Structure formats: structure tokens, C-alpha cells
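Counting from 1, one number per residue, gives the positions in the sequence shown under the numbering used here.
You may find that some hints are simply not true.
[Said to hold, decoys possible] In silico DSBU-like pairs for lysine-lysine, Cα to Cα no more than 30 Å straight-line:
hint: 1; residue 1: LYS113; residue 2: LYS198
hint: 2; residue 1: LYS200; residue 2: LYS113
hint: 3; residue 1: LYS137; residue 2: LYS153
Because the hints were derived from the structure by calculation, they are not lab data. Since we're looking at a predicted model, the values are computed, not measured.
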Amino acid sequence: MNQHHIFIAAPASGGMSGQMARTLGCGQDALARAGYGPAVIGAAAGGRVHLDSQLIGDAAAGLYHLFARAQERAERFREALSGSVGRVVLYAPSYEEYYPALWRDLAARRPLKPFAELTPRLMARPRRWVNVVRDLKAGLNPREIIVLPHGSKIGEAMAALVPGASLDPAPDAEAAHADTVIAMMQRLHHSGVVIGPKQKRRLARFHHQQPQGTPIAEFDPLDRASLQRRYEQDLEQMAAIDGVRIGPDEALQIAAQ
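I would like the entire structure built from these sequences, with the hints used as guidance.
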């Protein structure tokens, strides 16, 4: 039976999705030589290696609900495939870094409340990565789930998804918008001003060069420490789930470097 392997780069995860897409796109021949089928975006039935940053939801679903409908979306994804699911690789960033990244991603595109107004809700949220992983297991019924912890690199992602394939990692993605650029975009969004792409890029270049002040989206030290502990607990709980592993196999990780 055909087996599908899926890489999920959580939205707003620092360019991991784009870097993985470029790596797989340029490595189709290497995948074939290693015995893998074609790499595709999404749930195309003809693919065997799948990249999807939307399987668990978009940035808004991450910030406001931590991908509460992940199981439902995973079930639809599995129904579109032509065989069983082998490996599911999920890049799961740490909360104290990830929530601000999600806010910045959305803030570049639409008006938002200041991040500080969201922190009480985020700190009180009961839903965690371990719940997302359980949803993926129930929705996709994979042979195994590999969770890549915060800070994982493209070589580790490839070693987890397509062990044995000799792919050259694509370069890192461009740097994210500076906080001064995000602040400028938020002023435009809240004022209702609409400008063209060229003018927006010109303004972004100007504001990117301005001095950076206090981060526009961050947790205070106590909340950061609490979220770090929460994430470490999550990694332990996920590792205890049957069929779930944290990080790629050490030997494969070394071989991919």
C-alpha cells in the first residue's frame, strides 16, 4: 500500500515551511533515488512526501485557539490521500517565542489588539502542543509522529521526514519584519489607510532601518519562565505517547549534518 509522509511547519515558524518547500522542490531526483515518491504541497493524492503549513490551521487559529480544529482538518487531509500515513513530522516551537511570532505574522496583515492585551488569555490557555499531537494521531492514524522541538534546523527536519535521502538544504528564508515595520503596518491597518505594494515595500525599508525599541510583542520574565516550563512538560508528555518521538533519530540527525 502507498505510504505518505507529512511535514507540518506550524504557521509563522520562522521560515521553516518555505525553507523545507525549497529543499524538497529542488530534491525530487534525490527523493526518487532514495525510494520516496514525489514531494507535493498539501494533500495531493499523487504525492508521497507532503509539505503542509495549514494542516493544523493558519496563524489566527494558532494565536487564538492553538489549532483547536486540528483533528478535523487532519481527518480531511487523510481522506484525500491514496494510502496510509507513515511519518508525520511537526515543528512545534516554544510558547514564549511562538505566540509573539504568531501575533507579528498576523499584525503585518490586519489590525490587532496590542500583544500585551492578549497575554492573560494566552497564559490561561489549557490547550497545548500535546493536545495538537493527540489530535494529529487520531486524525491521521500515522505509523509515527516526530516532534521537532524549538530551534530545530532544516537538516533535522529532513532527517526526520525522509531519512536516507541526500538533499541539499535550501538557504534560510529572509529575516522577519522588524518591530518598527510591524508598528507602521498596524498604524496603517487601524487607520484604514490602503497603500499599494510598492509604497508598502518602500515604507517597510525605511522603517526597518529605524532604531528598534522595546519589543512590540513579548512576555514578561515571569510569564516567559512559566511558558518555558509548560513547554518542557509538553515535550515529556508527548514523548510518553505511543508512536511519538521527540527529534529525529540521533544517527540520522548526525548523517544529515
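Notebook entry, point to check: Where does the structure disagree with the numbered hints, that is, which hint numbers, in rising order?
Noted result: none
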